[in-house]
Amino acid sequence: MSIFSKLKDQTKDKDSAEEHGKCMLSRRNFLMYGSASLAAASTVTVTLFPGTAQAEQMKARVVGYPRKLVAKLSEMKDHQPIAFNYPDDGPNSQAMIVKMAGVQAGGGVGAARDIVAFNYLCTHQGGPLVGSYKATGEHRTLGQCPLHLSTFDLRRHGIIVSGQAYQSLPQVLLEVDGDEVYAVGMMGLIFGRNSNMSS
Amino acid sequence: MSTDYYLPEDSAPLPPVHAEVMTTACDYCVVACGYKVYRWPVGSGDGGLQASQNAFGVDFPSSALQSWVAPAQHNIVMHKQMPHNVVIVPDKDTKYVNTNGDSSMRGGLIAQKCYNPKTPTRDRLTTPLMRIFGTLQPVSWEMALDVAAQVGRHVIENHGANAYGVKTFSYQYIENTYAVTKYALRHVNTANFTFHDTPSDVTSTPGFRDAGFDNFGPSYEDWGSADTLMICGTDPYETKTIIFTQHIMPAIYRGMKVIMLNPRETAGVAFVKKMGGLHIDLLPGTDNLVVGAITRHILEQGWEDTEWLKKWVNNKWESNSGFGQGTRNTPWQWRSTWGKFQTKGWEDYKKWVSSQPEFEAEYAAGVAGIDVAKIYQAAEWMAKPKADGGRVKTSIGIEKGFYWSNNTANTNAISSLATICGTGGRPGQVVGRFGGHQRGGQSGGSYPRNKSPEKVEGRRRRSLDTDRWTYSGHTRFAHVIGTTWIQSMCGSQGLQRKFTELVSNNPNQIMSYDRQEIIDSLKARADSGGMVVINQDIYLRDPIGARFADIVFPAATWGEEDFMRANGERRLRLYQKFYDAPGNAKPDWWIISQLAKQMGYDGFDWKNSNDVAEEASRFSRGSRKAFHMIKIAAHAEGKTLHEKLREFGTDGIQGPVFYNYETKELVGTKRLHDTELEHDKAAIKRLGLDNGPQGANIVSKKFSHFNSQTGKINIQKHPWGLFSDFWEWLSPKDDELWFNNGRINEIWQSGFDDVERRPYTRQRWPENWVEIHPDDAAKRGIESGDQVMMYSDRVVQVKDTVLGVDSGHFQFSELMKRGHIDLQKAAVTAIAIVTPAVKKGVLYANMIDMRQPSNALGARIVDNISGNYNFKMGVSKIKKLGASKYKSEFRSMSFAPRNIV
Chain Y
388 MSIFSKLKDQ TKDKDSAEEH GKCMLSRRNF LMYGSASLAA ASTVTVTLFP GTAQAEQMKA
448 RVVGYPRKLV AKLSEMKDHQ PIAFNYPDDG PNSQAMIVKM AGVQAGGGVG AARDIVAFNY
508 LCTHQGGPLV GSYKATGEHR TLGQCPLHLS TFDLRRHGII VSGQAYQSLP QVLLEVDGDE
568 VYAVGMMGLI FGRNSNMSS
Chain V
19 MSTDYYLPED SAPLPPVHAE VMTTACDYCV VACGYKVYRW PVGSGDGGLQ ASQNAFGVDF
79 PSSALQSWVA PAQHNIVMHK QMPHNVVIVP DKDTKYVNTN GDSSMRGGLI AQKCYNPKTP
139 TRDRLTTPLM RIFGTLQPVS WEMALDVAAQ VGRHVIENHG ANAYGVKTFS YQYIENTYAV
199 TKYALRHVNT ANFTFHDTPS DVTSTPGFRD AGFDNFGPSY EDWGSADTLM ICGTDPYETK
259 TIIFTQHIMP AIYRGMKVIM LNPRETAGVA FVKKMGGLHI DLLPGTDNLV VGAITRHILE
319 QGWEDTEWLK KWVNNKWESN SGFGQGTRNT PWQWRSTWGK FQTKGWEDYK KWVSSQPEFE
379 AEYAAGVAGI DVAKIYQAAE WMAKPKADGG RVKTSIGIEK GFYWSNNTAN TNAISSLATI
439 CGTGGRPGQV VGRFGGHQRG GQSGGSYPRN KSPEKVEGRR RRSLDTDRWT YSGHTRFAHV
499 IGTTWIQSMC GSQGLQRKFT ELVSNNPNQI MSYDRQEIID SLKARADSGG MVVINQDIYL
559 RDPIGARFAD IVFPAATWGE EDFMRANGER RLRLYQKFYD APGNAKPDWW IISQLAKQMG
619 YDGFDWKNSN DVAEEASRFS RGSRKAFHMI KIAAHAEGKT LHEKLREFGT DGIQGPVFYN
679 YETKELVGTK RLHDTELEHD KAAIKRLGLD NGPQGANIVS KKFSHFNSQT GKINIQKHPW
739 GLFSDFWEWL SPKDDELWFN NGRINEIWQS GFDDVERRPY TRQRWPENWV EIHPDDAAKR
799 GIESGDQVMM YSDRVVQVKD TVLGVDSGHF QFSELMKRGH IDLQKAAVTA IAIVTPAVKK
859 GVLYANMIDM RQPSNALGAR IVDNISGNYN FKMGVSKIKK LGASKYKSEF RSMSFAPRNI
919 V
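Each protein sequence line maps, in turn, to chains Y and V.
What the first sequence shows, in our numbering, is residues 388 to 586, in sequence order.
What the second sequence shows, in our numbering, is residues 19 to 919, in sequence order.
FYI, nobody ran anything at the bench for these hints, they're computed from the structure.
For every residue, glycine included, the Cβ atom is placed at its ideal position computed from N, Cα and C.
Treat each hint with caution, since some may be false.
Derived CB-CB ranges, DEER-like [stated by the list, open to error]: (1) V:E519 with Y:P533: 52 to 58 Å; (2) Y:R454 with V:T153: 54 to 60 Å; (3) Y:K521 with V:I716: 54 to 60 Å; (4) Y:S461 with V:L83: 37 to 43 Å; (5) V:P156 with Y:T523: 38 to 44 Å; (6) V:D111 with Y:K521: 32 to 38 Å; (7) Y:T523 with V:R869: 29 to 35 Å; (8) V:G384 with Y:P533: 35 to 41 Å; (9) Y:T523 with V:G61: 30 to 36 Å; (10) V:G799 with Y:T523: 19 to 25 Å; (11) V:G384 with Y:K459: 55 to 61 Å; (12) V:A845 with Y:P533: 32 to 38 Å; (13) V:G656 with Y:P533: 47 to 53 Å; (14) V:E239 with Y:D566: 54 to 60 Å.
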């Protein structure tokens, strides 16, 4: 049984869990895709639904990407982004993790699935998005980028809301282990890199 | 076709040092950013991270504003039948347009445009097709061309040239448009001819033309050099992206004031407001009133530019004067319907505008649904002299939201406002269109107006309305080139029903593989009152190709042939061929030349696209993008026209192009109507014009003056009454809302192949959509993500080709009274986006979703003076059908408003 079908079997809440599953499908494809081009593989523990009845520990191959502690649930405050570097401390690795006050997001973790993390550089021409997190009604965005005004939707995997960028903001894949939130991978290429793992 | 299933990749190859580098420009919007194509054989090694190891000469990871390759900017194409990598990225070295390598999302993704069977481009047309037994089947070029020509000839001989209809793109490269117009206008000589965006071959901006303003006089940098910039009917951030980010945005930071007329608040409008600008959020179709009221207030305050008006506006005598046959033989006078627009000079205009009750500020503001203070504020910013008595420099740019909502009167009104402010023809004081598609038109023949059976009152014939002509069954052979025709015209569901009746439901269909029987059945279709359809395109479009075409010719396009084109500042570039066209696809000029030869026409023996360009060049003389002198220079240097233009790379050269025979230098024209150029002796000398034009150089009037009979501006009236009966009839009744539509940054002048074939674009905009104000939505129980139906039983449609005899016959109320108008029904569905960014009482929908074109709800009635559709004018009811999946899933679409700043 594949990870995805297992997930489906064990999820009840259509609106949330199936959605979460779809994100995980993307993530799994992403992980598998990575394996084709990068040789070094490591095995880590991925916790998909921590603290719920569906919680399950499983082994997944996370290829190339480090597992890095980026935040503690107990220390996160609504609408207060925390900066970190990922996947390394090289150029352009600036990223942010934020708890979006109970508004659920694609790829979100935590009980309300409202915790997401993204690279901080605009995927258009590398403008800094630091300080541009906004909550507008039910919407959660990063931007406008100071260079050319691109805005990204944090609820929808960093898709462009309006602007010039030609890919979504790279989303940092998260997992929760108890109180700890780990970055474990990334969807999308970081601006300025030709591969996320080369710097 | 693409799905909305987008999975971001996390690596992209860098071009190696040994990659070949070619220049081109983006295929999409009018701005036409410069791009570089890096090409290297698959398997020959990619570039490395160090500057010495890649073609950019940049260390990776690179920093902000440096070179970078996003995964979507890489593709694999066939070049000389061998697989090659291509990386297509904005040119960092270009001196103009997209300096710093800026780009929109459309251009940023353009590498994905290249044909690659592993991508959603796999459905490119690669072979001629013929509909046999109801199915499009591959046939040879010889067979397809022979059948088309034999049937085409038969139709012309038996039903007249006007039965041969040509509906074509106006922009897709100079070589192609030259070939198409030479064929259709000079040889077929049909009046049943028009371009993709209008039912008849008419100017888009009648007011500009009659005032003497060129649509594309200004340079891009002019848009950032005013004190006050008025922008009408567009948000350039959405649809002129790089003009906004490279010129307007920096100017706003420097203190330029911006006034925007737009019922909707998008990212650019929000930015302008944040920076202290003025958003005039008027109701659709009321621009004329607002502009007229601003003008009137300026005149009442005595803020007009008197010196300019005295020097540059035609007085009574000049207005009536003319050389030879004089003004009476100009479109201006013929269209003027005897005094409706013409004035005896600016003081006469002043008297008129001050006496029309509709231009009282309170009245105009009331109808437009805006705060009257905005009218006074705009007037002050545009014309109130500075404390030291100096004048503010005001520029005005317009686009489709403005001129597709009351075509003649709006463009008249803005021309007059510009003139009152001293705008037009000086640095920092320019007027023009921002533009839509790029400027690739070059006429190879003139429109046979006297063959048009359509006539307005008075004596003048008007270009034939091809939609109505077809609707009446007079088009027996429809030759459709690079346009959907049906979706792109108003009231499109009515037009589609007519096509079905004339083409599909006609009993004469091809039910044989025998060539003669095929030809006979198509001739029989035409003779029985039906219609035969041939279609040239790069993809099979539904329905024109997929359902209606009897013969489909596969076209080669951008990157597959060397082509020339100009952008919105008349900048000419060579768009280089860098890979093989798919299969048997051929450029449109080639298809036309082969068809023309089969038809028995001479003058189509071109060997390559440069031959076409070199033949076309002399016809460009005197036009805004005159490129003839590039050929003169090229030949002097033993080169071809294309070779010479290639040397200019992404910088290109602005038309009209002059050749200085002394210095052997080609010199472009920065702006048209450049009334101050005569004082710049150095520039004149550089152009080689110090002793007047030499050799083959031509100086046209619009170079340094305006495009009227005297070289001065015609200041014109803009009566609301020409349009008000339609506006009042159309205004929402009961539960209706205004139905406005337009485009968005992510899909702008790229919808013809981009939106359906870029997974990322598809993910962002997977379906038709409509914006609705929260108050209007709440009343109808609509939430973001709901699937809704927009529907109307008040889609007006002119039924037939009309002859105007008495004054006012083309007026809407008169057409209605005389029974020329049908009321039809139309409905389209969409995903609702509830947002305060659209004005209350107004819906704003995607302009053309190919599956469900919003134009179906647009009034199929043309501007009664110009003949253009007012695409932006419609009304609709809206109701919820249910929740869409986008309401509960996160992968695609976004409901976040575009005005978050």
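Each hint tested on the structure:
no.	hint	verdict
1	V:E519 with Y:P533: 52 to 58 Å	holds, 56 Å
2	Y:R454 with V:T153: 54 to 60 Å	holds, 56 Å
3	Y:K521 with V:I716: 54 to 60 Å	holds, 55 Å
4	Y:S461 with V:L83: 37 to 43 Å	holds, 40 Å
5	V:P156 with Y:T523: 38 to 44 Å	violated, 53 Å
6	V:D111 with Y:K521: 32 to 38 Å	holds, 36 Å
7	Y:T523 with V:R869: 29 to 35 Å	holds, 31 Å
8	V:G384 with Y:P533: 35 to 41 Å	holds, 40 Å
9	Y:T523 with V:G61: 30 to 36 Å	violated, 49 Å
10	V:G799 with Y:T523: 19 to 25 Å	holds, 23 Å
11	V:G384 with Y:K459: 55 to 61 Å	holds, 59 Å
12	V:A845 with Y:P533: 32 to 38 Å	violated, 43 Å
13	V:G656 with Y:P533: 47 to 53 Å	holds, 50 Å
14	V:E239 with Y:D566: 54 to 60 Å	holds, 56 Å
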